[in-house]
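Here is how the chains run, residue by residue.
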Amino acid sequence: QQQVKQSPQSLIVQKGGISIINCAYENTAFDYFPWYQQFPGKGPALLIAIRPDVSEKKEGRFTISFNKSAKQFSLHIMDSQPGDSATYFCAASMRGSNYKLTFGKGTLLTVNP
Amino acid sequence: SAVISQKPSRDICQRGTSLTIQCQVDSQVTMMFWYRQQPGQSLTLIATANQGSEATYESGFVIDKFPISRPNLTFSTLTVSNMSPEDSSIYLCSTRRDSMNTEAFFGQGTRLTVV
Numbered sequence: 033q034q035q036v037k038q039s040p041q042s043l044i045v046q047k048g049g050i051s052i053i054n055c056a057y058e059n060t061a062f063d064y065f066p067w068y069q070q071f072p073g074k075g076p077a078l079l080i081a082i083r084p085d086v087s088e089k090k091e092g093r094f095t096i097s098f099n100k101s102a103k104q105f106s107l108h109i110m111d112s113q114p115g116d117s118a119t120y121f122c123a124a125s126m127r128g129s130n131y132k133l134t135f136g137k138g139t140l141l142t143v144n145p
Numbered sequence: 004s005a006v007i008s009q010k011p012s013r014d015i016c017q018r019g020t021s022l023t024i025q026c027q028v029d030s031q032v033t034m035m036f037w038y039r040q041q042p043g044q045s046l047t048l049i050a051t052a053n054q055g056s057e058a059t060y061e062s063g064f065v066i067d068k069f070p071i072s073r074p075n076l077t078f079s080t081l082t083v084s085n086m087s088p089e090d091s092s093i094y095l096c097s098t099r100r101d102s103m104n105t106e107a108f109f110g111q112g113t114r115l116t117v118v
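Protein chains in written order, with this note's numbering: chain A, 33 to 145; chain B, 4 to 118.
Hints listed in this document are in silico derivations from the structure and should not be mistaken for laboratory results.
Please read all numbers here as calculations on a predicted model, not as lab measurements.
Heads up, a few of these hints could be off.
Among the chain B residues that face chain A by a calculated CB cut under 7 Å, a handful are [as the list claims (entries may be wrong)]:
hint: 1; residue: Asp14
hint: 2; residue: Cys16
hint: 3; residue: Gly19
hint: 4; residue: Gln41
hint: 5; residue: Leu95
hint: 6; residue: Gly110
hint: 7; residue: Gln111
hint: 8; residue: Leu115
hint: 9; residue: Thr116
Every residue, glycine too, gets a C-beta built ideally from N, C-alpha and C.
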């Protein structure tokens, strides 16, 4: 049973455009929702994270929107750049499981120049 | 951030053999995690390795297939035993600074191909 569903599987955006990746979760006990960015040949690196007590968190061009009632959260990349081309994973975890991460299946983002 | 060195970075192995992957962290950490990332797929947690105790394996993973060592607070190994082509994946180690810190850090991964 997949606890975190991520879409789309792949995304192509023009430079300067907005990239939007969506995730939905099932377990209401999750209380930490990070996004990881992975470049080819590298391990994932934390990009931005949110807790369910806020509806939005912004760091530079990256914003997480969180809808607790719908059990959904999304990553918005504003002014997308070719250097943003990578695979993005959403994840969820909870204190009760010692913050063990459950990952979505990933989105391959390509930003065309 | 935590710096994690993982080796080998890649290997091609014959079926039926075993490969041990090493993970070194630049500071002492309580928990280390081992993940598998199959081609084009997500990360699946294999096990959690705490120093001084047996590793805790996730559903679908067993110690006989993926034995783990954690001899000290900066080092861990994962062995992939009796390999088959289905074991071809990227294996990643991960850690957090401490139990209260939610941010996870990852090594660069070991790309394993079994022929």
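Taking the hints in turn, this is what the structure says about them:
{"no.": "1", "hint": "Asp14", "verdict": "14 Å, violated"}
{"no.": "2", "hint": "Cys16", "verdict": "19 Å, violated"}
{"no.": "3", "hint": "Gly19", "verdict": "28 Å, violated"}
{"no.": "4", "hint": "Gln41", "verdict": "11 Å, violated"}
{"no.": "5", "hint": "Leu95", "verdict": "5 Å, holds"}
{"no.": "6", "hint": "Gly110", "verdict": "5 Å, holds"}
{"no.": "7", "hint": "Gln111", "verdict": "5 Å, holds"}
{"no.": "8", "hint": "Leu115", "verdict": "14 Å, violated"}
{"no.": "9", "hint": "Thr116", "verdict": "14 Å, violated"}
Comparing the model with each numbered hint stated earlier shows that hints 1, 2, 3, 4, 8, 9 do not hold.
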